[in-house]
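Chemist: The chain contents come next:
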Amino acid sequence: MTTATIQPDLQRPQLVLGNKRIGDVTEIVSGIVEKKTTPLWWKIAATITGLGAVVVLNLNIFYLFTTGVGVWGLNHPVMWAWDITNFVFWIGIGHAGTLISAILFLMRQRWRTSINRSAEAMTLFAVMCAGIFPGIHVGRWWMAWFLAPAPSQWGVWPNFHSPLLWDVFAVSTYATVSVLFWYVGLIPDLATLRDRATGKLKQFAYGLFALGWRGSNRHWRNYEMAYLVLAGISTPLVLSVHSVVSMDFATSVLPGWHATIFPPYFVAGAIFSGFAMVLTILIPARQLFGLQDLITIKHVDNMAKVILATGCMVGYAYGMEFFTAFYSGNAFESFVFRNRAMGPYAWAYWTMVTCNVITPQFFWFKKIRQNVWLVLALCIFVNVGMWFERFVIIVTSLHRDFLPSSWGYFTPTWVDILTFVGSICLFLHLFLLFIRFLPMIAMSEVKGIMQGHSLMNADQPLDVHGRKE
Amino acid sequence: MHDRRLVTEGIRVSRIFPKNSRQIAAALGLGVVLFGGLITAGVTYYFTPKYTRVGYTPYQPVPYSHRIHAGQLGLDCTYCHTNVFESPHANLPSPNVCMNCHDPAKGNIKGDSPLLAPIRDAFKTGRPVDWVKVHKVPDFAYFNHQIHVNRGVSCVSCHGRVDQMVEVRHEQPLSMSWCLDCHRNPEPNLRPNELVTKLDWDSAKDWKVSPLTQNTDSQEAFARKMVKVSALHPPTNCTTCHR
Numbered sequence: 001m002t003t004a005t006i007q008p009d010l011q012r013p014q015l016v017l018g019n020k021r022i023g024d025v026t027e028i029v030s031g032i033v034e035k036k037t038t039p040l041w042w043k044i045a046a047t048i049t050g051l052g053a054v055v056v057l058n059l060n061i062f063y064l065f066t067t068g069v070g071v072w073g074l075n076h077p078v079m080w081a082w083d084i085t086n087f088v089f090w091i092g093i094g095h096a097g098t099l100i101s102a103i104l105f106l107m108r109q110r111w112r113t114s115i116n117r118s119a120e121a122m123t124l125f126a127v128m129c130a131g132i133f134p135g136i137h138v139g140r141w142w143m144a145w146f147l148a149p150a151p152s153q154w155g156v157w158p159n160f161h162s163p164l165l166w167d168v169f170a171v172s173t174y175a176t177v178s179v180l181f182w183y184v185g186l187i188p189d190l191a192t193l194r195d196r197a198t199g200k201l202k203q204f205a206y207g208l209f210a211l212g213w214r215g216s217n218r219h220w221r222n223y224e225m226a227y228l229v230l231a232g233i234s235t236p237l238v239l240s241v242h243s244v245v246s247m248d249f250a251t252s253v254l255p256g257w258h259a260t261i262f263p264p265y266f267v268a269g270a271i272f273s274g275f276a277m278v279l280t281i282l283i284p285a286r287q288l289f290g291l292q293d294l295i296t297i298k299h300v301d302n303m304a305k306v307i308l309a310t311g312c313m314v315g316y317a318y319g320m321e322f323f324t325a326f327y328s329g330n331a332f333e334s335f336v337f338r339n340r341a342m343g344p345y346a347w348a349y350w351t352m353v354t355c356n357v358i359t360p361q362f363f364w365f366k367k368i369r370q371n372v373w374l375v376l377a378l379c380i381f382v383n384v385g386m387w388f389e390r391f392v393i394i395v396t397s398l399h400r401d402f403l404p405s406s407w408g409y410f411t412p413t414w415v416d417i418l419t420f421v422g423s424i425c426l427f428l429h430l431f432l433l434f435i436r437f438l439p440m441i442a443m444s445e446v447k448g449i450m451q452g453h454s455l456m457n458a459d460q461p462l463d464v465h466g467r468k469e
Numbered sequence: 001m002h003d004r005r006l007v008t009e010g011i012r013v014s015r016i017f018p019k020n021s022r023q024i025a026a027a028l029g030l031g032v033v034l035f036g037g038l039i040t041a042g043v044t045y046y047f048t049p050k051y052t053r054v055g056y057t058p059y060q061p062v063p064y065s066h067r068i069h070a071g072q073l074g075l076d077c078t079y080c081h082t083n084v085f086e087s088p089h090a091n092l093p094s095p096n097v098c099m100n101c102h103d104p105a106k107g108n109i110k111g112d113s114p115l116l117a118p119i120r121d122a123f124k125t126g127r128p129v130d131w132v133k134v135h136k137v138p139d140f141a142y143f144n145h146q147i148h149v150n151r152g153v154s155c156v157s158c159h160g161r162v163d164q165m166v167e168v169r170h171e172q173p174l175s176m177s178w179c180l181d182c183h184r185n186p187e188p189n190l191r192p193n194e195l196v197t198k199l200d201w202d203s204a205k206d207w208k209v210s211p212l213t214q215n216t217d218s219q220e221a222f223a224r225k226m227v228k229v230s231a232l233h234p235p236t237n238c239t240t241c242h243r
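Keeping their order, the protein sequence lines are chains A and B. When you line the first sequence up against our numbering, it's residues 1 to 469, in that order. When you line the second sequence up against our numbering, it's residues 1 to 243, in that order.
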């Protein structure tokens, strides 16, 4: 490398700080997994979220199945409420992972390497949480198979004209491709863990999933090609999945839902909420595991910029919805939006606007972008705001439709609330298990971007795992 | 594999896994596919009405032979099942219909046969014979018998060649998709109303011979005309049957 000839001002900031060698990355990242005991905070967090995921979530779903959807607060005219809100919320969260792993990869954004693994894991866990809600939202789990077109002696099929069916395809494709992408990326790191493992069980488990990886030239060649192909397949999914989710609403004739702006608006919102969730989880993880040199302040800064950009898009969409309602001259359309901002759900609407439009504006300032605790606080606001966005879209459009005699007001029951809390616990618990058993940073990829500056410091040749020969 | 280091690493891997782990993995994969395929095939064959219903031939209190009565003697279906053209339900005959021939006081055909004792008892006491129902449609599926036969759907389409059966046998699956197959494409099952109870009538062979049909080109042409002229469009929405 010829970094010495470049003016210091023009040099790109280092993506791995602390003058690290390649082997140090392996030591730091594998060290988290290989420690005999877990930190106290992990034990406490895993216990609480584990109870929430296993007991609270399952008991509430069991109560729903045995009693019926009446245990939820939804009723005519609000027939979709927290169930679909939670579904769209969780599906949206996943989009940051796919964007980081696919689009940033194709764009050669090298800073993605230290965050892509955990962001992709978040995608998977978010899709799992999302998948719960369509399956349970009619309260008849034994009919859940009818989501998918399957041949039966009934001779009937789901409606292929319905976006609800496209949604099944979109989300299941998304889940499948995300799992494959994540797993393929994991293989070299699993082989590292296998080779470093001391116990027989660990050697077997990591070895099984490392698929006999030896790091040969041919292995790397196939790996790179598979990764590139999967990135290519995933890229359109970043845009298509939430577009299809938005069509669940946009293809209906309900004012407030029937809008052509929905697909791009939903995609921007999904990436917005996804990045906020990635930061919400990675900032504590980075501090607690001391990963500041790998997930640097530059990474936080970049993600905050993405949040700023997508937050502005979302704000533009909010404004454009009102403009469309005004410019169309359609009395029903205008009513829905007046009702959103000034009706009985005004509190929800203005919570959404505050969290989603005002919060990201702070990220114009570098001082704020580089203060991790401020970033964390603002990201939590964005998470809240994006949940409220889906709530506002779904509930405010439904609660006052064409027939004033059947207007209503939705209030959640404790089952609604606990089911959502349970899904949050499931998400966090899966993430805690992930950081315990798998390398939360893609070691092999981070090593790929630190060639040059770190090898120069090595006084001895190192093998592929960074150990001295 | 020619690199010496890779070979040694290969040995290290093989300390964890048996030498033939590649074959084990392949066998496991194949096993999963075969097992899954077997389960799917088994459920498809054994758990669907094509297997669970077709072939059901219950013992009846009287071994009434449709082959003798409808086949050899040539009784029309409506001689006993009198209301099938007028009623939503296909009725079974009351014992006096049997007694037209089997009454010891009148025709006295097999008038003292012990096999006919339940009929004679029913005739005397007025308590109906406990015939066992063969073709059952679940309560949640509404079925109207008369609309089908009056639209030119023959008995044979749903009940098979009853005139060749000794005891009645469940011939068709009566599954929902089986109903829908015909509702979506009724034409192959249509024939002139006069021929609805002619179970042995073959639309391909007998069309040009039969005086009733020889003036039209073919069964296909007849069916197309029926669909057009009588607006014969069987509904396929849920409430057609699930009311």
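Think of the hints as simulated: they come from the structure by calculation, not from any bench. Because the structure is a prediction, the values reported are computed rather than measured. Ideal Cβ placement from N, Cα and C applies to all residues, glycine included. Where hints are given, some of them may not hold.
[To be verified] Covered stretches of chain A, going by a simulated chain B footprint (3 or more residues, C-beta under 8 Å):
#	segment
1	150–161
2	199–207
[What the hints assert, rightly or not] Capping the alpha-carbon separation at 25 Å, the derived lysine-lysine pairs in DSS-like fashion look like this:
#	chain 1	residue 1	chain 2	residue 2
3	B	Lys106	B	Lys124
4	B	Lys19	A	Lys200
5	B	Lys124	B	Lys110
6	A	Lys200	A	Lys298
7	A	Lys36	A	Lys200
8	A	Lys202	B	Lys19
Chemist: Decide, hint by hint, whether the structure agrees.
Modeler: Hint-by-hint comparison with the structure:
{"no.": "1", "hint": "150–161", "verdict": "holds (count 5)"}
{"no.": "2", "hint": "199–207", "verdict": "holds (count 4)"}
{"no.": "3", "hint": "B/Lys106 <-> B/Lys124", "verdict": "15 Å, holds"}
{"no.": "4", "hint": "B/Lys19 <-> A/Lys200", "verdict": "16 Å, holds"}
{"no.": "5", "hint": "B/Lys124 <-> B/Lys110", "verdict": "17 Å, holds"}
{"no.": "6", "hint": "A/Lys200 <-> A/Lys298", "verdict": "40 Å, violated"}
{"no.": "7", "hint": "A/Lys36 <-> A/Lys200", "verdict": "15 Å, holds"}
{"no.": "8", "hint": "A/Lys202 <-> B/Lys19", "verdict": "19 Å, holds"}
Hint check: a violation occurs at hint 6 only; the rest are consistent with the structure.
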